[in-house]
Amino acid sequence: MNMTEKMLKIFISFSFIFFVAVRCLFGASFYNDKLTADEIKTLQSGQVLIKSIGYQKNMCLKSGYSKECDDIIQQIKDLNPKYLAEIIQIKPYKGNENLPEVLTGLLYNVSEYTDIPYYSVRHDKWFDLYDYAEIQSEKVISSTSSGTEKELKALFVMEPFGDVFETITMIQKPDSVYYSSVNTNKLAFEQKIDCVWPKKLKICIYLFREGDNWILYGVGGVNAPRIPFFTERIEVAFINRIKSFCSYMFTKF
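Sequential numbering of the sequence shown, starting at 1, is according to my numbering.
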């Protein structure tokens with residue numbers, strides 16, 4: 001074995017050991033092999049990791065980790081999105097013991113979604129993600145000592161798509177928060193091109209505790225047709241809004 005081969009072998013061995021060590025440090029049973037070593041470093045530093053991943057097969061959630069994870073995976077499979085993004089952050093448990101209550105409060109306060117900033121690459125300008133947001137109705141699905149589940153019906157005004165009606169499901173438990181939203185009406189791009197049919201726009205957020213850390217995981221996708229001359233604009237419009245929503249919720253506290 002020459003020197004080059006020896007160095008390559010040492011490098012591969014070191015990389016594998018580092019990858020395994022970091023994954024163990026962050027409870028990596030939650031993640032599959034779709035996360036790279038650099039992405040794990042980003043999480044290790046406490047930063048928000050934002051990924052445009054295109055399709056469900058590129059999600060980093062590991063099947064079988066928990067009922068909630070499997071539910072999210074199945075929801076995205078059923079959605080069969082053409083555009084998909086993941087947003088992940090790790091926060092220490094110590095000092096953030098009340099994170100489920102705080103996150104639930106943020107997600108529940110729908111009227112303040114209008115405070116979420118959105119940067120438009122096309123216009124090189126900051127806008128409000130929503131021009132208007134309100135809860136139209138709500139009901140408690142279940143409430144026990146182990147958790148509370150609510151269903152909200154909400155209306156958002158989001159340019160360039162106009163009115164967006166959504167059904168929101170929220171489940172808060174002592175050590176977790178589960179959030180899911182889906183559109184219930186057809187959306188038209190700039191009120192001209194029908195691009196999203198009902199139940200084809202979905203966002204899921206899952207907060208849970210793993211050891212000494214909180215894991216914040218978000219995924220959002222759209223099953224929209226690829227329309228000549230408009231595909232890129234539609235993708236950017238949806239995916240950047242999904243990223244903005246999750247990033248805001250993850251970094252607000």
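It cannot be assumed that every hint is accurate.
[Unchecked claim] Derived lysine to aspartate or glutamate pairs resembling EDC-like cross-links, with alpha carbons at most 16 Å apart:
(1) K51 with D38
(2) K91 with D212
(3) K252 with E68
(4) K252 with E112
(5) K173 with E159
(6) K91 with E159
(7) K252 with D163
(8) K57 with D71
(9) K192 with E159
(10) K199 with D163
(11) K91 with E101
(12) K200 with E235
(13) K173 with E235
(14) K139 with E149
Hints listed in this document are in silico derivations from the structure and should not be mistaken for laboratory results.
Please read all numbers here as calculations on a predicted model, not as lab measurements.
**Structure versus earlier hints, numbers of those that do not hold, lowest first** = 3, 5, 6, 7, 13
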